[in-house]
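Engineer: One letter stands for each residue in the lines below.
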Amino acid sequence: MKNLITGAEALWRALQEEGVKTVFGYPGGQIMPVYDKLVDYQDSIHHILVRHEQGAIHAAQGFARISGEPGVVIVTSGPGATNVITGVADAMTDSTPVVVITGQVSTAALGTDAFQEADVIGLTAPISKWNYQIRTADEVAWAVARAFYIARTGRPGPVVLDFSKDAQVGLTDFHFEKCNFIRSYIPNPKISDVAIKNAVALLDAAEKPFVVFGQGVVLGHAEKELEAFLTKGDIPAGSTLLGLSALPSSFPLYRGMIGMHGNVAPNIMTNQCDVLIAVGMRFDDRVTGTVETYARQAKVIHIDIDPAEIGKIIPVEVGIRGDAKTVLSLLTEKMQARKHPEWNASFGHCDAVEKEKVIDPEVYPTEGLLRMGEVVDRVVRATGEKAVVVTDVGQNQMMGARYSRFNQSRSFISSGGLGTMGFGLPAAIGAKIARPERTVCLFVGDGGIQMTMQEFGTIMQEGVGVKIILLNNNWLGNVRQWQELFFRERYSQTRMLNPDYALIARAYGIRCISVPDRASLEPALKEMFADDAPVLLDVHVQEEGMVMPMVPPGKGIHEIMITDSEWYK
Amino acid sequence: MENPVKEYTVTIYTENQIGLLSQITNVFTRHGLSIWSLSAGATSMEGVHNITIVTAGTEKKVKESVQQIEKRVDVIKAFFYTADKIVYRELCLYKVSTAALMEYGNIEDLLNRYHARIVEMNKVFTIIQKTGYSNETASLHDELKDVGVLQFVRSGRIAVSRAEQEPVFKFLRKREKEKNQQTN
Ligand SMILES: Cc1ncc(C[n+]2csc(CCOP(=O)(O)OP(=O)(O)O)c2C)c(N)n1
Ligand SMILES: [Mg+2]
Numbered sequence: 001m002k003n004l005i006t007g008a009e010a011l012w013r014a015l016q017e018e019g020v021k022t023v024f025g026y027p028g029g030q031i032m033p034v035y036d037k038l039v040d041y042q043d044s045i046h047h048i049l050v051r052h053e054q055g056a057i058h059a060a061q062g063f064a065r066i067s068g069e070p071g072v073v074i075v076t077s078g079p080g081a082t083n084v085i086t087g088v089a090d091a092m093t094d095s096t097p098v099v100v101i102t103g104q105v106s107t108a109a110l111g112t113d114a115f116q117e118a119d120v121i122g123l124t125a126p127i128s129k130w131n132y133q134i135r136t137a138d139e140v141a142w143a144v145a146r147a148f149y150i151a152r153t154g155r156p157g158p159v160v161l162d163f164s165k166d167a168q169v170g171l172t173d174f175h176f177e178k179c180n181f182i183r184s185y186i187p188n189p190k191i192s193d194v195a196i197k198n199a200v201a202l203l204d205a206a207e208k209p210f211v212v213f214g215q216g217v218v219l220g221h222a223e224k225e226l227e228a229f230l231t232k233g234d235i236p237a238g239s240t241l242l243g244l245s246a247l248p249s250s251f252p253l254y255r256g257m258i259g260m261h262g263n264v265a266p267n268i269m270t271n272q273c274d275v276l277i278a279v280g281m282r283f284d285d286r287v288t289g290t291v292e293t294y295a296r297q298a299k300v301i302h303i304d305i306d307p308a309e310i311g312k313i314i315p316v317e318v319g320i321r322g323d324a325k326t327v328l329s330l331l332t333e334k335m336q337a338r339k340h341p342e343w344n345a346s347f348g349h350c351d352a353v354e355k356e357k358v359i360d361p362e363v364y365p366t367e368g369l370l371r372m373g374e375v376v377d378r379v380v381r382a383t384g385e386k387a388v389v390v391t392d393v394g395q396n397q398m399m400g401a402r403y404s405r406f407n408q409s410r411s412f413i414s415s416g417g418l419g420t421m422g423f424g425l426p427a428a429i430g431a432k433i434a435r436p437e438r439t440v441c442l443f444v445g446d447g448g449i450q451m452t453m454q455e456f457g458t459i460m461q462e463g464v465g466v467k468i469i470l471l472n473n474n475w476l477g478n479v480r481q482w483q484e485l486f487f488r489e490r491y492s493q494t495r496m497l498n499p500d501y502a503l504i505a506r507a508y509g510i511r512c513i514s515v516p517d518r519a520s521l522e523p524a525l526k527e528m529f530a531d532d533a534p535v536l537l538d539v540h541v542q543e544e545g546m547v548m549p550m551v552p553p554g555k556g557i558h559e560i561m562i563t564d565s566e567w568y569k
Numbered sequence: 001m002e003n004p005v006k007e008y009t010v011t012i013y014t015e016n017q018i019g020l021l022s023q024i025t026n027v028f029t030r031h032g033l034s035i036w037s038l039s040a041g042a043t044s045m046e047g048v049h050n051i052t053i054v055t056a057g058t059e060k061k062v063k064e065s066v067q068q069i070e071k072r073v074d075v076i077k078a079f080f081y082t083a084d085k086i087v088y089r090e091l092c093l094y095k096v097s098t099a100a101l102m103e104y105g106n107i108e109d110l111l112n113r114y115h116a117r118i119v120e121m122n123k124v125f126t127i128i129q130k131t132g133y134s135n136e137t138a139s140l141h142d143e144l145k146d147v148g149v150l151q152f153v154r155s156g157r158i159a160v161s162r163a164e165q166e167p168v169f170k171f172l173r174k175r176e177k178e179k180n181q182q183t184n
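Top to bottom, those sequences are chains U and F. Sequential numbering from 1 applies to the first sequence in the working numbering. Sequential numbering from 1 applies to the second sequence in the working numbering.
A hint or two may mislead.
[Claimed, not checked] Between beta-carbon pairs, the in silico distance windows are: (1) His175(U) - Lys179(F): 15 to 21 Å; (2) His175(U) - His31(F): 22 to 28 Å; (3) Gln408(U) - Phe169(F): 55 to 61 Å; (4) Gln408(U) - Arg162(F): 37 to 43 Å; (5) Phe181(U) - Ile118(F): 49 to 55 Å; (6) Asn407(U) - Ile35(F): 50 to 56 Å.
Hints are computed from structural coordinates only; laboratory data are not their basis. Keep in mind that this is a model prediction, so the values were computed, not measured. All C-beta atoms in this analysis are idealised placements derived from N, C-alpha and C, irrespective of residue type, glycine included.
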């Protein structure tokens, strides 16, 4: 018997089949049939109406990063579609599974410069993992199934479905079949025995092994396997920005964050180890500093699910293509148990210097205005280190990353590869919607918050209990820091006049607590965490604060500025 | 020099998907590789298309690009070869004035020397076809200079590898088996 429904309804049915309960979106002319059908599906699908399509995609990214499930975005054609582009590119670089559905003009009008027609397929092809234009209602079930399969498997990423108007209104005999095979696409290949054998030989011979890991550990659900691997090999490890929270901060072999504003020890050790094991990370230039001086002394083992990453930046001794979970458990099983007491103890000096010169002055200052690191430390402490930490981009991001502590995976969300200002607020909204039972703290700058501040409206309408900690320094601080250090203090367009955030928050019914000084921080935190309501904490921090340590651009990862006038020795 | 720039022939097998060709050429653009020639068409396998691109670059750059291309979901396999690993041809068509050609005289001999042939002739013009390497087709073009070439076109390169069997066939058979295993 035929079961004829419209393409628009087929979309909702297919999303249901994929287990979707939440979508982020914004309506418009060329997606109206889909929005009309939503009225009949409102009981099972929660649609979050954002205030700008960029907010929808970043919220979907936050949702995906915290839950591991693809975030879903529905927008109209033309400007609706182009407004999501930043987020699609961001999700591509940061391997975030999202499925974006854009309305499109009728197939007959394609290519005619019709009203609100944009070449979405052409625009998104280089920044999406896959895209497809749905031209008939019959393709809907197939395309949705394929989109979810591609978005969530292998190295995850964004997928775009461009849904033409006639396919939305056309009729189809709906049958849904999950996709689990595409012949041209091998998300999770068989792991090479030879590569494992070679890696084990290197590991067994290593005297000074070191692990750098990234988000691949989180995406591959390999947190426990990483712990077991490190423990058996007695191998110290450093995390990339996006790898944060994959290991508990208190894990004894965890030595902190690597990269430009990372911790001293793991950066220095990268250039001293004899075997470097890279797990689910891609040697971004913010991680490596100059490539020519990066870990040249070490034999490199690179584990990644994406074969195009292996050897792309850093030449490898052994490349292992596979998911981190399986590869790490194979290596752990086959390698010898080792102890490296001297090697592990040698990190102590770096840690001591960083603590004395950077951390203590940043986290425990006794005078002057509040410092960003101090605020992050107190906020995280007030949550019992259980919060999901979301950051925007800039100094607030680096401070959020450096001074947060975690004891649960999937607790840190930030725009890493693209560094998208404006990401933080909507991403925090998406995270809180995905995990309402968790406390979600956003660290955001006065510049970044104004890029997507319209999403206060979403917070208001949906009652999303995010805790927004505005690290307000009256500057585009990160750029200001570079101008001070590398552009002879010529502060070009980085000074910003700020609005009265309390008034803005009030307009949206969001409680705003102003924190002008050190004494008011603790009571403000008490008030902020007293309930689960959204709060904007407007914290006045030191204007000329610097994120240190810093590996300046063009320097090797071992060339570390410890203050603005002193290098690590 | 550690990384010499060489000519490479990139052979790509894809599903028949709209927009895939531009995705592929985008990868070349992004890596700063120019496309010297491009040809595309269906293969003997239903639904499988072949794209052959000639480019020049360092092995590292070309390899990186090929990996990025193979990463596209609808790309089945992508390979890259130096000239010694493939047999390749290009097809050329030369349009010359029939009258001028008649005047030239020893045309038989010229065509024989170049393994070229006449595919169409009328009172006004004659079309000569030649397949071969680009230096040969260029050299025939030179020799026809006296006759006067009214129009000249060259196709993109097509190539087969010197391996006994294209690895893509093996790959697709293997995938077919894996598919059956999954659905069973
Ligand atoms: C969309 C976008 N535009 C510009 C930049 C460049 N940028 C990086 S950090 C930064 C300054 C951020 O200022 P603010 O949000 O106040 O954060 P702070 O560094 O002061 O904590 C800028 C302009 C960017 N990363 N993203
Ligand atoms: Mg600022």
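Engineer: Now look at each hint and say whether the structure bears it out.
Structural biologist: Verification of the supplied hints:
1. In this structure the supplied range 15 to 21 Å holds for histidine 175(U) paired with lysine 179(F), their Cβ-Cβ distance being about 19 Å.
2. Range check, histidine 175(U) to histidine 31(F): about 42 Å between beta-carbon atoms, so the 22 to 28 Å window is missed.
3. Restraint check, glutamine 408(U) to phenylalanine 169(F): a C-beta distance of roughly 48 Å breaks the suggested window 55 to 61 Å.
4. Between glutamine 408(U) and arginine 162(F), the C-beta spacing of about 55 Å breaks the proposed range 37 to 43 Å.
5. At roughly 51 Å, the beta-carbon separation of phenylalanine 181(U) and isoleucine 118(F) lies within the given 49 to 55 Å, and the hint holds.
6. Roughly 52 Å separates the CB atoms of asparagine 407(U) and isoleucine 35(F), a value that falls within the hinted 50 to 56 Å.
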